[in-house]
Amino acid sequence: MQSRSPRTFIIVLSRKCACLLYPCHALSRKMLNKFFILFFVSLSFTVSAANKAKDCSHSRDVKTTIDMNECLSHNLSIARAEMNQYLQASLDRNAADPELIKSIKIAQKNWETYRSSNCDSVYTAWREGTIRNAMALICGIRLTKQRTHELWEDFLTYMDSTPPVLPEPQ
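Residue numbers for the sequence shown, in mature numbering (1 follows the signal peptide of the UniProt record, and there is no 0): -49 to -1, 1 to 121.
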């Protein structure tokens, strides 16, 4: 890559998008990492409440494998947004306990590694067919919903009759 002036803008290329973000001289690498994390987390919150999960197996719009994969991807995005909401609520509720916050973040990182490995294995198990993507997406949805419920049960409920911070996820 060519050397550029301090005013060069950082261009981040992901699989299908290029984002022009901020002048390089204004942000350190650590700040950029935090910015990217916050940026992508905020994207996951853009799914509106009206944007509900679809029943991909009985939808009239799902006619092809590509339609099925798009439907399941949509549902995975919704499940991730909900999980991120419950994760953030867990962190907010326990903000006074930095040790617990650190522990929750480590557990989440380890869970993400597990989810990725497990669903990659599902993809590999179905690698000979076009259903492989759908099976991996279904795996991701299932595990994400389970994790959301774990976050709710472990960090957002009370031992007494106090109502939970957020409603029980479905």
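Think of the hints as simulated: they come from the structure by calculation, not from any bench. Every value quoted in this text rests on a predicted model; they were computed, and no experiment measured them. Treat the hints with caution; some may be incorrect.
[As the list claims (entries may be wrong)] Only pairs whose alpha carbons sit at most 27 Å apart, straight line, appear in this in silico DSSO-like list of lysine-lysine:
(1) K3 - K53
(2) K56 - K96
(3) K14 - K60
(4) K5 - K96
[Claimed, not checked] For each label pair, taking beta carbons as the anchor points, the in silico distance ranges come out as:
(5) T113 - I52: 31 to 41 Å
(6) Y65 - H9: 39 to 49 Å
(7) V116 - T15: 35 to 45 Å
(8) D43 - E21: 15 to 25 Å
(9) D12 - D48: 39 to 49 Å
(10) D71 - I17: 34 to 44 Å
(11) T113 - E50: 44 to 54 Å
(12) T75 - T16: 16 to 26 Å
(13) S24 - S112: 20 to 30 Å
(14) I82 - T108: 33 to 43 Å
The C-beta atom is built at its ideal place from N, Cα and C for all residues, glycine as well.
Evaluation of the provided hints:
1. K3 - K53: Distance ~31 Å between K3 and K53 Cα, so the pair is violated.
2. K56 - K96: holds, 18 Å
3. K14 - K60: Distance ~36 Å between K14 and K60 Cα, so the pair is violated.
4. K5 - K96: With Cα atoms ~15 Å apart, K5 and K96 stay inside 27 Å; holds.
5. T113 - I52: 31 to 41 Å: violated, 21 Å
6. Y65 - H9: 39 to 49 Å: With Cβ atoms ~30 Å apart, the hint is violated.
7. V116 - T15: 35 to 45 Å: holds, 41 Å
8. D43 - E21: 15 to 25 Å: The hinted range 15 to 25 Å is violated for D43 and E21, with Cβ atoms some 33 Å apart.
9. D12 - D48: 39 to 49 Å: holds, 46 Å
10. D71 - I17: 34 to 44 Å: violated, 21 Å
11. T113 - E50: 44 to 54 Å: violated, 23 Å
12. T75 - T16: 16 to 26 Å: holds, 18 Å
13. S24 - S112: 20 to 30 Å: violated, 40 Å
14. I82 - T108: 33 to 43 Å: The hint (33 to 43 Å, Cβ to Cβ) holds, given that I82 and T108 are roughly 37 Å apart.
In the structure shown, a violation is registered for the earlier hints numbered 1, 3, 5, 6, 8, 10, 11, 13, in ascending order.
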